[in-house]
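**Student:** Here's the letter readout for the chains.
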Amino acid sequence: MDVVYFAWVRERIGLPKETIETSAQTVADLVAELSSKEERYAAAFADTSALRVALDQELSDFDAQLDGVREVAFFPPMTGG
Amino acid sequence: MDVVYFAWVRERIGLPKETIETSAQTVADLVAELSSKEERYAAAFADTSALRVALDQELSDFDAQLDGVREVAFFPPMTGG
Amino acid sequence: MSVHVQEEPFDAGQVLNKFSAQQEGAGAVVSFTGIVRDVAAGLDHMEIEHYPAMTAKAIQAICDEARERWALTGVQVIHRYGKLSADDPIMMVLTASAHRADAFAAADFLMDYLKSRAPFWKKETTSEGADWVAAKDEDEDALSRWSRG
Amino acid sequence: MSVHVQEEPFDAGQVLNKFSAQQEGAGAVVSFTGIVRDVAAGLDHMEIEHYPAMTAKAIQAICDEARERWALTGVQVIHRYGKLSADDPIMMVLTASAHRADAFAAADFLMDYLKSRAPFWKKETTSEGADWVAAKDEDEDALSRWSRG
Numbered sequence: 003m004d005v006v007y008f009a010w011v012r013e014r015i016g017l018p019k020e021t022i023e024t025s026a027q028t029v030a031d032l033v034a035e036l037s038s039k040e041e042r043y044a045a046a047f048a049d050t051s052a053l054r055v056a057l058d059q060e061l062s063d064f065d066a067q068l069d070g071v072r073e074v075a076f077f078p079p080m081t082g083g
Numbered sequence: 003m004d005v006v007y008f009a010w011v012r013e014r015i016g017l018p019k020e021t022i023e024t025s026a027q028t029v030a031d032l033v034a035e036l037s038s039k040e041e042r043y044a045a046a047f048a049d050t051s052a053l054r055v056a057l058d059q060e061l062s063d064f065d066a067q068l069d070g071v072r073e074v075a076f077f078p079p080m081t082g083g
Numbered sequence: 002m003s004v005h006v007q008e009e010p011f012d013a014g015q016v017l018n019k020f021s022a023q024q025e026g027a028g029a030v031v032s033f034t035g036i037v038r039d040v041a042a043g044l045d046h047m048e049i050e051h052y053p054a055m056t057a058k059a060i061q062a063i064c065d066e067a068r069e070r071w072a073l074t075g076v077q078v079i080h081r082y083g084k085l086s087a088d089d090p091i092m093m094v095l096t097a098s099a100h101r102a103d104a105f106a107a108a109d110f111l112m113d114y115l116k117s118r119a120p121f122w123k124k125e126t127t128s129e130g131a132d133w134v135a136a137k138d139e140d141e142d143a144l145s146r147w148s149r150g
Numbered sequence: 002m003s004v005h006v007q008e009e010p011f012d013a014g015q016v017l018n019k020f021s022a023q024q025e026g027a028g029a030v031v032s033f034t035g036i037v038r039d040v041a042a043g044l045d046h047m048e049i050e051h052y053p054a055m056t057a058k059a060i061q062a063i064c065d066e067a068r069e070r071w072a073l074t075g076v077q078v079i080h081r082y083g084k085l086s087a088d089d090p091i092m093m094v095l096t097a098s099a100h101r102a103d104a105f106a107a108a109d110f111l112m113d114y115l116k117s118r119a120p121f122w123k124k125e126t127t128s129e130g131a132d133w134v135a136a137k138d139e140d141e142d143a144l145s146r147w148s149r150g
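Chains as they are written, first to last, in this note's numbering: chain C, 3 to 83; chain D, 3 to 83; chain X, 2 to 150; chain H, 2 to 150.
This is chain C alone, in the form it adopts within the complex:
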């Protein structure tokens, strides 16, 4: 599964994209798994209410299932326009 990061999430984690092997069922499981792995993930995911997640380029939420998903994206609230 590809995991991509944008804006300050990317900066805290230190990379824009990685491919990981995971058996996480939901986005929240994936966040917990990454956070327990290394401090930089724990720092980036400390407050998920300040984060947004997209599954295969569609906005989703942290309860969503990862079944069949190819790309997970984490980023702060958008500030376009």
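Some hints could be false.
Said to hold, decoys possible - Derived pair list, reagent style BS3-like, types lysine-lysine, alpha-carbon separation capped at 25 Å:
hint, chain 1, residue 1, chain 2, residue 2
1, H, Lys19, X, Lys84
2, D, Lys39, D, Lys19
3, C, Lys19, H, Lys84
Hints are computed from structural coordinates only; laboratory data are not their basis.
Predicted model only: the values in this text are computed from it and were never measured.
Model the placement of chains D, X and H on the given structure of chain C, informed by the hints.
**Tutor:** Below, chains D, X and H without anything else, positioned relative to chain C:
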């Protein structure tokens, strides 16, 4: 006092502007006076709810006093924009 | 703030660029362009009559009111009169503000007021003849959106 | 309907004129231009990051929604990414309709959704350093205006 007409009011009355001598107290008095004078005024002023009036270039209403007014304008509802 | 009542055509894109360049501290520029629409019977031309002694004054008053209600860095109104053809720009309203909500609200307000309170009258000539465009009740009703208690 | 996500600058006036010329039966064209504002500390530059695989798709979905809600003859969105300076246009939304109410509502809606639902992130660099622009609660709140019961 100058009286000016626009759009179909001007067309019905047949002139864009005239100077009149009147002792009318209010706009409604002036409308009554003109309407009694000639059929073309009566036709133009038949339904004052379909008309607007401006006194010295400020929108006003048919109850307004004419005291001190130099220019009265009659026209249909505006259709700008 | 500038108000132009003119017979000459204008270039909407040039007007937008020039207006935007004059704004200090604006993050949002909204423009509205009104365009002559063709009608069912086929428009030959449109004639716009106005009340010269009143027009600029009335538009200025509407702009003043908009500036009092919203935090704008600038406001501009252009309105043509005389003979126009289908697809010609009739008029343009521009507003600029630090934030988008003010610019949108002010432009929307200005359009509602210009429609019903600026002394312009449109006459459409088609193959069937010439007719004054009737004011719409909805245009008058739109003004109530802006009444302040 | 067209969506442009690009690094290159654009000329807002040219975009407006080209868009207007393509509309059939439109009496109303609304444009919104978002401009990089200078900040208190003095902006050196702004960097806009986006999510290329998602951006055009997300904007397209927002435009589709606008076309479903209002009777529009056309919609266009341009959004830049990369490095920008104060006073540069960031993005532009254009809507056209037979009547002004639809064009205004659709542009307002598009802006609210683009602000909070299109994957762009702004970073401002001043003499004091670089900082990501924080999303505003009011931008998220603005979306509730458009919920359909």
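**Student:** Hey, C:Lys19 versus H:Lys84, does the alpha-carbon distance stay inside 25 Å?
**Tutor:** Answer holds: C:Lys19 to H:Lys84 is near 21 Å, not above 25 Å.
**Student:** Between the alpha carbons of H:Lys19 and X:Lys84, is the straight-line distance 25 Å or under?
**Tutor:** Roughly 23 Å between the alpha carbons, so the hint for H:Lys19 and X:Lys84 holds.
**Student:** Starting from D:Lys39, check that the Cα of D:Lys19 is at most 25 Å away, please.
**Tutor:** Within the cut-off at roughly 16 Å; holds.
Violated hints for the displayed structure: none, as all numbered hints are satisfied.
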